[in-house]
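S.K.: Sequence:
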Amino acid sequence: MLRSLIRLYLVVVLGCGLGIAFVSYSFVRLFHERVTDNTREAERGYAFVLSDYLARHPGPERAAALAELRKHGSDGFSLLTMRDVIPLMDDTQLRDLRDGKLVLSADGHDYYLPLPDGTIVHAHPNEPTNLDLQVLAYGVIALATLLAIVSWIHFHWRDLRKLQMAARAFGAGNLATRAQLSKKSNIYELSQQFNDMARQIEASILHQRDMMHGISHELKTPLARLEFGLALLQSPEPAERQRERQRALREDVRELDDLVTELLTLSSLEQGGRHVAPMQVSVGELIDSVAASIAHDIAARTLTLTVTTTEAPAHHVCDPKLVARALLNPIRNSARYARHAISLRAAVGAGGVLVLTVEDDGPGIPIDDRARVFEPFHRLDSSRDRHTGGFGLGLAIVRRVALVHGGDVHLDNGSRGGARFVMTLPPLPLPDAARAA
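Per this note's numbering, the very first residue in the sequence shown carries number 1; after that it's consecutive.
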């Protein structure tokens with residue numbers, strides 16, 4: 001702190017010194033006309049007395065009169081002619097002299113007073129310096145400046161120390177640490193940015209911890225089944241039983257492959273819009289392709305799927321593969337719990353937003369669980385069987401797809417008492433190549 005204080009103080013003192021020097025040596029030249037007018041007004045009586053005194057001592061007596069004046073003052077009087085002052089002045093000053101006005105020199109130290117007979121009195125006042133008083137005055141100013149800087153630095157450094165301690169605690173692993181500063185602090189905005197960063201990092205680390213816990217839990221079950229199945233293959237059994245064991249092992253391998261695929265998809269979506277390939281697609285064709293891909297599963301469960309696109313826009317700019325993937329997940333979720341029917345509806349919202357709604361007539365989802373269903377590895381079904389509970393990643397992928405499109409997804413009550421998933425997708429900007437085409 002001391003080093004910072006010294007540096008700041010030296011910079012301030014140097015700046016003040018340069019400012020004083022600039023004012024002292026430049027303002028008279030910059031505002032010469034105004035200073036001259038003020039001097040004429042202030043010295044009008046003095047100029048009258050001086051002019052009258054010299055007028056009463058004409059000719060040879062004038063030199064003796066000036067010598068007498070020098071004894072009683074320090075103005076350094078001398079007599080000049082117009083020819084003498086022409087090289088020293090500009091046109092404006094010469095015009096003022098001819099008009100009988102007092103004229104200041106460019107630096108403001110000398111003045112020239114024209115007399116009625118054409119003679120010009122030149123005076124160079126020697127003002128007392130009072131160096132000791134000037135040193136004392138500037139010392140008082142420097143001390144006041146130092147006190148002001150110390151006061152400001154004290155509160156500023158106190159807040160910086162608080163922010164430093166918060167950063168150190170956060171770096172040591174206390175993710176809940178936040179910088180608590182007054183709104184009047186000079187670095188309050190910086191502390192708020194630190195707190196926002198800390199919250200984001202904390203959320204990201206906790207999310208990664210949950211992901212790792214969920215991944216490890218999901219991998220244990222199929223790996224255990226694989227290990228158990230391989231051990232059973234070593235035992236002597238009939239050929240038909242061996243083939244059943246092999247089919248079960250292949251199913252476990254496919255389950256692992258599906259889990260890895262889901263994790264890779266979620267991981268790529270977590271990175272933002274870098275993996276999004278926007279293009280202009282026909283909304284009707286996109287919805288029909290999704291319905292066709294799921295039609296067999298819907299029929300196998302003796303359900304009906306109703307598709308409505310009458311209120312949908314003709315075209316929309318999005319990533320069709322991601323949107324199709326995002327639609328399949330809530331439809332499969334609805335197919336798992338629906339009693340008789342599922343509806344898929346596409347419509348246009350405010351600002352050209354594409355609104356996709358999937359609704360079923362199942363038991364619905366409790367209000368307390370509606371926000372959590374979009375978290376990775378969260379499943380309402382307590383079963384861990386792959387045919388009922390799934391991996392718990394489908395709706396998390398839906399949410400990420402909506403977010404990378406600049407939209408969102410939420411869950412509420414359907415008109416039939418079941419769950420209703422509503423996904424909003426604003427139009428994405430087309431790449432330059434697609435726009436040109």
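If you're looking for bench data, these hints aren't it; they were derived computationally from the structure. Treat each hint with caution, since some may be false.
Below, a list of computed lysine to aspartate or glutamate pairs in the EDC-like style, where the Cα atoms sit at most 20 angstroms apart [to be verified]:
(1) Lys71 x Asp84
(2) Lys101 x Asp84
(3) Lys101 x Asp90
(4) Lys162 x Asp110
(5) Lys162 x Glu189
(6) Lys321 x Asp196
(7) Lys101 x Asp91
(8) Lys101 x Asp52
(9) Lys71 x Glu61
(10) Lys220 x Glu189
(11) Lys101 x Glu189
(12) Lys220 x Glu251
(13) Lys220 x Asp196
(14) Lys71 x Asp110
(15) Lys101 x Asp37
(16) Lys183 x Asp196
(17) Lys220 x Asp252
Every value quoted in this text rests on a predicted model; they were computed, and no experiment measured them.
S.K.: Each hint should be assessed against the structure and marked as holding or not.
M.R.: Now the hints, each set against the structure:
Simply put, Lys71 and Asp84 have alpha-carbon atoms about 25 angstroms apart, too far for the 20 angstroms limit, and the pair is violated. At roughly 17 angstroms between alpha-carbon atoms, Lys101 and Asp84 fall within 20 angstroms of each other, so this suggested pair holds. In summary, the hint linking Lys101 to Asp90 is supported, as the alpha carbons are separated by about 15 angstroms, within the 20 angstroms threshold. Proximity of Lys162 to Asp110 is assessed by CA-CA distance (about 59 angstroms); at most 20 angstroms being required, the pair is judged violated.
With a C-alpha separation of about 14 angstroms, the suggested pair Lys162 and Glu189 falls inside the 20 angstroms cut-off, and the hint holds. Simply put, Lys321 and Asp196 have alpha-carbon atoms about 34 angstroms apart, too far for the 20 angstroms limit, and the pair is violated. Using a Cα cut-off of 20 angstroms, the hinted pair Lys101 and Asp91 holds, with the two alpha carbons roughly 14 angstroms apart. Restraint check for Lys101 and Asp52: satisfied, since their Cα atoms lie roughly 15 angstroms apart, inside the 20 angstroms limit.
Between Lys71 and Glu61 the CA atoms are separated by roughly 16 angstroms; this keeps the pair inside 20 angstroms, and the hint holds. A hinted pair counts as satisfied when its Cα atoms are at most 20 angstroms apart, and Lys220 with Glu189 does not qualify at roughly 47 angstroms. The suggested pairing of Lys101 with Glu189 is violated, with an alpha-carbon distance near 60 angstroms, which exceeds 20 angstroms. Taking the CA atoms of Lys220 and Glu251, the gap is about 15 angstroms. The hint holds against a cut of 20 angstroms.
Note on Lys220 and Asp196: the hinted pairing is violated, with a Cα-Cα distance of about 36 angstroms set against a maximum of 20 angstroms. Note on Lys71 and Asp110: the hinted pairing holds, with a Cα-Cα distance of about 19 angstroms set against a maximum of 20 angstroms. A hinted pair counts as satisfied when its Cα atoms are at most 20 angstroms apart, and Lys101 with Asp37 qualifies at roughly 10 angstroms. Note on Lys183 and Asp196: the hinted pairing holds, with a Cα-Cα distance of about 16 angstroms set against a maximum of 20 angstroms.
Distance check on the hinted pair: Lys220 and Asp252 sit about 11 angstroms apart at the alpha-carbon level, within 20 angstroms; holds.
Hint check: violations occur at hints 1, 4, 6, 10, 11, 13; the rest are consistent with the structure.
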